[in-house]
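Colleague: Protein chains in written order, with our numbering: chain A, 1 to 353; chain B, 1 to 353.
By construction, these hints were calculated from the structure, which means they are not laboratory data. Nothing here was measured: the structure is a model prediction, and the numbers come from that model. One or more of the hints may lead you astray.
Calculated pairs, DSS-like style, for lysine-lysine (alpha carbon to alpha carbon, straight line, at most 25 Å) [what the hints assert, rightly or not]:
hint, chain 1, residue 1, chain 2, residue 2
1, B, Lys144, A, Lys3
2, A, Lys3, B, Lys177
3, B, Lys25, A, Lys96
4, A, Lys177, B, Lys144
5, B, Lys3, A, Lys3
6, A, Lys47, A, Lys144
7, A, Lys144, A, Lys185
8, A, Lys144, B, Lys144
9, A, Lys3, A, Lys47
10, B, Lys3, A, Lys73
Which residues of chain B face chain A? A partial, calculated answer using Cβ under 7 Å [to be verified]:
hint, residue
11, Lys96
12, Lys197
13, Met201
14, Leu319
15, Asn326
16, Glu327
Cβ atoms here follow ideal geometry from the backbone N, Cα and C, with glycine treated the same way.
Number of protein chains: 2
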Amino acid sequence: MRKGRSSLEFERTPVIESAASVVGKKEGDGPFGSLFDQVEQDAMAGKPTWEEAESFMQKEACRIALEKGGLEKEEIRYLFAGDLLGQLIATSFGVKELEIPMFGLYGACSTIGEALSLGAMTVAAGYGERVLAVASSHFATAEKQFRFPLGYGNQRPYSATWTVTGSGAFVLSDRDKVRDTETGKGLAVITGITTGKIEDMGIRDSMNMGAAMAPAAYSVILRNLMDFEREETDYDRIITGDLGVVGRTVLLDFMKAGGRDLSEVHMDCGVEIYNRQEQDTHSGGSGCGCAAVTLAAFILEKIRTGEWKRVLFVPTGALLSTVSFNEGQTIPGIAHGVVIEHRKPERSIGWII
Amino acid sequence: MRKGRSSLEFERTPVIESAASVVGKKEGDGPFGSLFDQVEQDAMAGKPTWEEAESFMQKEACRIALEKGGLEKEEIRYLFAGDLLGQLIATSFGVKELEIPMFGLYGACSTIGEALSLGAMTVAAGYGERVLAVASSHFATAEKQFRFPLGYGNQRPYSATWTVTGSGAFVLSDRDKVRDTETGKGLAVITGITTGKIEDMGIRDSMNMGAAMAPAAYSVILRNLMDFEREETDYDRIITGDLGVVGRTVLLDFMKAGGRDLSEVHMDCGVEIYNRQEQDTHSGGSGCGCAAVTLAAFILEKIRTGEWKRVLFVPTGALLSTVSFNEGQTIPGIAHGVVIEHRKPERSIGWII
């Protein structure tokens, strides 16, 4: 079950039984707009504060994921959840009504990778038949927390990313519990994980988070390929969370220097989620929500239909804090790798997983 | 293995192989002073900022825990770590040199309970032979984050608690990996966990965190007794993290109303860690470090020697944030229960666990 130095391969592979994405207007206007389950019409989502709006999106994402799976909240054993804000307030106020035993997580923008990893470990070990993994971010709550008041209207360099407003939720289930669906498409299962450590290359530019995170992505991808003894082409896609255009370049350069050419298989959720030129999002999207909603709305479908047979999903996080930053500290990064694979439906003999 | 609605009982019980505590001067002057592994002589611990001092204490706690177990960092498969600060900066900068695959956790002051729970789940499932669980807090970093600048000298009501400066680290190990010790005392093993959900009774007083956390402690303790079909007297001690004098009263009243008398078996780390009158700490100690260092320095020894055969350890967290608080929100609480039991050394036939 343990694989190499930092990975696990699951014998009893957990299934991503259902997933949901709830996003803001800007994300709804982007390339994946029609794929999201719910698009809020403004950044407040009908709430008095941005933070409550973000909480609401987490709550909605969980609700829709349960609904799509035909599940009640009582069927969920554990909740793995987090967001970018200090003390995880978007999460605390978002999920409290679910009344599910909860593990609060912080992995910056890599949080959904951390939640899926721990969730998969929990289901594969038989600790729960079903768990819920959820993460969120919000442009306005993140700007307020990490950068400038929005009314100040600061200029953003081209290396800056735009925090995605949105939340993605995923129900991970024991394979014997997955209900047959009428779609006949296939299932997305988590076959393994590679857990990242903190990587710090000394980046101090808070407007270039891609560069801060690229070493963490590099380290997890390389470690995954070594632990599972795979080539980069053994994956249909290797998908990072929110490196953006600048961070992606750093990653591909690092990889090339290490003798690996990722250019054919690499995709970055942050690069894809907006029409960057028209939507003026510079280096791309970022935030916990970026990788989470892209997985829920876009990536999962490709895997379920079998267009992609095996994907390495690597949400990336920059461990930025205004306190440490103002004290002259660097911005360390972390990433969490999750191997998601297609499994065929075999109706006559049940699912082959 | 699943037990009741929110608990797990481990078939292969993980052992707390070694533990370490590093604290500040005030904690060193308290009742447990002589029991801590390392007492720093001032709040800066020789570092330029309080935050770096807290990081240093985490690093030291991990180093000493490894040293006491005769272990190298390469023998640790996963790290479960957290603190109170936004974006877990005490942790990020504290543990990065360990280079261990990491899961960052946020459970406010309940974090060490969350870390021990996930760590025990990981070891019991065979995902790693050894993991490290660590948490920290620091009076000055917490005051800066949550309350007033220290130089402002605000008055504190008697319901306020004093954030413990310190870090506790624990190596959890597979039972076959535990090296025989010369002490012959016995082992502390984790036999089960009860995971808390978010509890919100509408408390809005940030100077009365005990009251905010008591409902979460109540809920986890009651659930634990129900899930394991135990009476409160089946535990030698039921130990909460940092309710303090005020929160403890609330918990005991709640319990009494529910027909359970906890007064004989209950202990609160926050009540015990300081000489409250002389040290002017009002309701008691608090912070992630409070429960963590009390477990490492005081509780574990009682269990290892067999003076206490079975303990329910329940670190408690108040999910307070200045952002949500200033927006008029309540302070929800969460708690994580860990059942720690004594196992006898049986030298002739190896450890009976």
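Colleague: Now tell me, hint by hint, if it's right for this structure.
Modeller: These are the hints, each one checked on the structure:
{"no.": "1", "hint": "Lys144/B x Lys3/A", "result": "violated (43 Å)"}
{"no.": "2", "hint": "Lys3/A x Lys177/B", "result": "holds (19 Å)"}
{"no.": "3", "hint": "Lys25/B x Lys96/A", "result": "violated (38 Å)"}
{"no.": "4", "hint": "Lys177/A x Lys144/B", "result": "violated (48 Å)"}
{"no.": "5", "hint": "Lys3/B x Lys3/A", "result": "violated (29 Å)"}
{"no.": "6", "hint": "Lys47/A x Lys144/A", "result": "holds (17 Å)"}
{"no.": "7", "hint": "Lys144/A x Lys185/A", "result": "violated (42 Å)"}
{"no.": "8", "hint": "Lys144/A x Lys144/B", "result": "holds (18 Å)"}
{"no.": "9", "hint": "Lys3/A x Lys47/A", "result": "violated (46 Å)"}
{"no.": "10", "hint": "Lys3/B x Lys73/A", "result": "holds (18 Å)"}
{"no.": "11", "hint": "Lys96", "result": "holds (4 Å)"}
{"no.": "12", "hint": "Lys197", "result": "holds (5 Å)"}
{"no.": "13", "hint": "Met201", "result": "violated (11 Å)"}
{"no.": "14", "hint": "Leu319", "result": "holds (4 Å)"}
{"no.": "15", "hint": "Asn326", "result": "violated (10 Å)"}
{"no.": "16", "hint": "Glu327", "result": "holds (5 Å)"}
In this structure, the earlier hints numbered 1, 3, 4, 5, 7, 9, 13, 15 are contradicted, and the remaining ones agree with it.
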